[in-house]
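Undergrad: Residues per chain are reported as follows:
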Amino acid sequence: MQTLLLAVTLLLLTSLAFRAGRKRAFAMADGAPRNLHSLPGYYGSWVALWSGLPAFAILIAWLMLEPSLVRTLVISDLPAAMQELPTEKIDVLINEVRNAAQGHATANPDLAIAADHYIRLRQIGFAAMTAVSVAMALAGAAFAYRRIEPQLRARPRVEATVNIFLVASSTVAIFTTVGIVLSLLFEAMRFFNMVGFIDFLFGLNWSPQMATRSDQVGSSGAFGMVPLFTGTMLITLISMVVALPLGLFSAIYMSEYAQPRIRAIAKPALEILAGIPTVVFGFFAVITVAPLIHSAGEVFGLAVASESAMAAGIVMGITLIPLISSLSDDVITAVPHSLREGAYGLGATKSETIKQVVLPAALPGIVGGVLLAVSRAIGETMIVVMAAGLSAKLTFNPLEAVTTVTVQIVTLLVGDTEFDSPKTLAAFALGLMLFAITLGLNVVALHIVQKYREKYD
Amino acid sequence: MNMVQPQGTAKVRSRGLDVFYGEKQALFGVDLDIRAGEVTALIGPSGCGKSTFLRCINRMNDLVDGARVAGSLTLDGDDIYDRSVDVVQLRAKVGMVFQKPNPFPKSIYDNVAYGPRIHGKAADQSELDEIVMTSLEKAGLLKEVKDRLQESGTGLSGGQQQRLCIARAIAVEPEIVLMDEPCSALDPIATAKVEELIDELRENYTIVIVTHSMQQAARVSQRTAFFHLGKLIEVGDTEQIFTNPQEPLTQGYITGRFG
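Chains as they are written, first to last, in UniProt numbering: chain D, 1 to 457; chain A, 1 to 259.
Honestly, the hints are just simulated from the structure, not real lab data.
Treat each hint with caution, since some may be false.
With a straight-line Cα cutoff of 20 Å, these simulated SDA-like cross-link-like pairs (lysine to any residue) come out [to be verified]:
#, chain 1, residue 1, chain 2, residue 2
1, D, 350, D, 338
2, D, 350, A, 59
3, D, 355, A, 119
4, D, 451, A, 155
5, A, 93, D, 352
For the chain D half of the interface with chain A, some residues (derived, Cβ under 7 Å), not all of them [claimed, not checked]:
#, residue
6, 339
7, 345
8, 347
9, 349
10, 357
Non-contacting residues of chain A with respect to chain D, defined by C-beta distances greater than 12 Å in every case (computed) [to be verified]:
#, residue
11, 16
12, 123
13, 222
Using N, Cα and C, we set each Cβ at its ideal position, and we do this for glycine too.
Pulled out of the complex, with its shape left as it was, chain A reads as follows (with noise of 0.2 Å):
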């Protein structure tokens, strides 16, 4: 009943995907496709599964203690869960930005600068400032914070901490941004300007987006699926899921008739 999309087009690709946090099982064989230049958002109620899908693709959940896959999840077609794949070059192609912002206790360029530092992506000074100026500008928020860019990343609002999250995780030049949730702790105005940031990021990166609010899955996504109870139920152009969902699930979840 998932909707398979043909190969090639896709970035992410899993199939019969099982994760276990011990011995509760949180994912139940998931196929699920991630189109490359596109953001996919993920919903569903809560306790689904969507961000600990999320969290299989640069592999956060090896963090937890006693979290096990099974199946099988390709990055442009190699196996994520590969024992020859270095996590740290994983996470370096796909980049992450969490619930609530969480700037460093260093500097606004220092937030910046951290991940080209640790990847040794510029050469020097110089090319380091290019990086940081370029995401900062892609982050839309080079504007509000040039002149004060030794001053502390936290010391900036809620929304400005984001923005600068976001700009901390395109610096490593990532191919995949996954969110979970980034607009949850942002107020409205906020959270508008961080949504129009992810419509432009669109163009150079894949984005897989996990969201609460299903408007902002339908304001920023071009394509949707479904979570529910660790089943993927439903995954198809946003449109066609907000408009004519397939699945008596997908109608009563974005109905608003449970979650």
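Isolated chain D (complex conformation) (with noise of 0.2 Å):
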């Protein structure tokens, strides 16, 4: 609460620094902008910069330092027997004393001094924490204030801090998604030191379970993907084989024949489709899809499980439907109106136009759309976990409950888990390969759709 407030104060401060600055400009160029180097805007943005960032990094530095080094003092002022504790039971110790900072008594009368020197320290730092920001933001504004002239050359320098936020915010980006990477990579390093890499990429057998005693009955785990990769593969063929031609037909059907009208309904009604969260997709499968086909295959006298990989996959084709449709008519759309006309200055029908012109001249972006397509279904977990099953045969019968490395990875995962054994590592192993499959499908559809890009540009 009083972080915020603070906070609050120097945003003020910020905003009155920006006004004090611009006024200061206007009247250095004599009411008149144009003998100064950057618009007055622009002395003001320089001059809240100087006011605010110091003082904010200040406030963020003691906000990431102040628990650890009030924490140290505090033990460093514990009586000599508790110090030499091993360092969980001072956890415990520091853990009790900002409980009894809180208000909750404490037995230890030597924790409730420890508790008073912790508010004290808490109250102390605070405050000059405020003092030394607030210095800090009048300060770096009087700084700027005083320096502002006509020649300063404002504008160049503000526009290079903001160009210095832009660069960080990316990098943040990039350095979560290597940092998961990373932490991905070692976790299934530690899977690979247990389980031998050959053994987890080219076994048939998955049964992820470790023996908690030497001499338990069947005890020894099995860790082969392959029937995991079989099961994700069948499902995603499947559910591009539903996809893809209604996707594809509907795309070409909005972007080539559709009056506007009716282009102005169904394309918002595609793209609400794909606004339905998949959970309910999930619904979909287990309760309506699976069933009827079920029953279906009693009519032929097929055994279908009542889980099974064409539910599954089915309804995750419909899911993807949009994705496939809206990729394609973007796509379809871009064609130049030129090459049509070509066509049909020759004499082409509409159905020739579209098969023989329009079709192979957006194909490069066609493909790209249903390779973004496959990996998204590779990496779809809300269905197949409700609709797939569990059961880890290596099988292409699609009417067979069939498991995909997504589902797996959410059952080593779901429960009390260790993060030594096998078992739990499996799904970090499982993980990588996930990401890399998808990583490798993303790059390619990119570059398709790319080389596609560059041709009519």
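Given two chains presented individually in distinct reference frames, assemble the corresponding complex, making use of the accompanying hints.
TA: Structure (structure tokens):
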């Protein structure tokens, strides 16, 4: 609360600095901005940056350092006997001190003293930080304010600062990705220390358990990912068989045949489909599609499992229709009108023009869109968790229950998990494989789409 | 005031041709005859309706939403806008070359073979080869591309692309070739080549060319029609139009006073 108040105060100071800077620039220019190097607003922004940046830097640094600093000081004031305890015990003590500081009584008089100490330290620290940051805000503003003169190159400086902000923002995104990949990689390495890489990659059995005692019966786990990947591929294939024709045909209809009025209604309707959460599609798969396939199978005398690759694949295909359709629609519409006219001018019919000129020209873009859809299908989790089943059977029969990589990651990590058993670490290895595959597909897809773009611009 | 040609020599004949795009009228009662075996140039300032007239002849305007045509427009005496007319067959008879070269993203061979294929002009592969070669030859492109017929047509230079489009149009063996500012996207050398080609094609085809360049009209055409604000102002032999225009508007345009 106090911190929030301080932040608001600093913002207020910054905006005052902006106004002051702009006003001074106006005054320097005798009211005619053409006498200045930059527009007056840039002088204001420059002063505001000088005022705000150092102050907020101090605020953020304090927020990050304060807990460990206060902790060290509190520990150093505890009785010597307590200080010699192992780290975990000290952590417990510090927690108790914090609780006591928040008003919960503590039985230990030493800790009560420490709690008072803790409160006092935090108050002093906060007061000092407030003083310093406000002083910095004022000093920075004053420094910049006094340096304003018509020749000052305010705009390039402000723009350079903004540039740094932009770079920093994108760096955060990139480093997050790198961090996630690295953590996947390290955990996967730990897994591969326990289970052989070749066994994992080419093993035909998946039964992720580990013995808790060495004499346990049936204790040896098997970590072959092949059944999982065939499951994933099977469901992806089924979903593509559903999504590709439906998506592509609807895109052709929307872009080439639909009246503008129909298009205006149908396109947003299709986009609503894209907005439905996949968990809802999961219900749909379990409650409607799976029983339907089951009873349809009975009519033909086929044994269909109640959870089947078919049900999950069909429903996943439906979720991918909007993606394929809207991407294909975009590339089909982007085919230059002059190409269509060229074909019509030679006496081609509408369908000949579409089949022989428009679609071939749009093909690279369509392929790119389909690859994006495939990588989405491979990574899709919710629908398969609900509808595909859990049995890691190596089968290509779409009427049986299969399991996928994503489903297994979910089951491995749900519930209480210990992070030193291969069972849990296997999830990271699977995640890494999944990541590698979808990354590869996305790179190929983007490359194809880009190549296509270059052709007509 | 329009000079109407005696019947018999006219390949395309328009009488009182009005064209509307939605509410806007683009052509007002145009009476114009296009003679067989000649190059007719349509000139006039931008938006004067010359392209609209051109696109009526092969009904390209059908593709524009809200386009409507009134009056009569005939090809060899048959009404182009009659309900019984098959647009596909009409366009096989009336080929078109566009302002911007628009080869299909296919091989050079397939670009030229496209028209003959969809119209079933060739009985077998060797006949198709024959048509493709002859068309490329007629378009003056064969020498430059004969070793790379399987390469993409979009990889050619602008001038070559435009001659490829001309080869593609004449491969269907049309009777009329419409050209909508065929050189406006080309450099002077490529333009000279295309103009030369137009002159050669005149022997076998009736050509209608829309152009913004009066020099071009003077160089390649035998007859010139001047349009202004959707009306046909004057039509006559090219030499007469450029040396002795009858209408003050024509005079003003060709001397560069407006346009």
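Undergrad: Now tell me, hint by hint, if it's right for this structure.
TA: Hint check:
1. D/350 - D/338: 14 Å, holds
2. D/350 - A/59: Roughly 14 Å separates the two Cα atoms, so the pair holds.
3. D/355 - A/119: This hinted pair holds, its Cα atoms lying about 15 Å apart.
4. D/451 - A/155: 14 Å, holds
5. A/93 - D/352: 18 Å, holds
6. 339: Holds: closest Cβ of chain A sits about 6 Å from residue 339 of chain D, inside 7 Å.
7. 345: 4 Å, holds
8. 347: 4 Å, holds
9. 349: The hint holds - residue 349 of chain D has a Cβ within 7 Å of chain A, the shortest such distance being about 6 Å.
10. 357: 5 Å, holds
11. 16: Holds, since 26 Å exceeds 12 Å.
12. 123: 19 Å, holds
13. 222: Holds, since 24 Å exceeds 12 Å.
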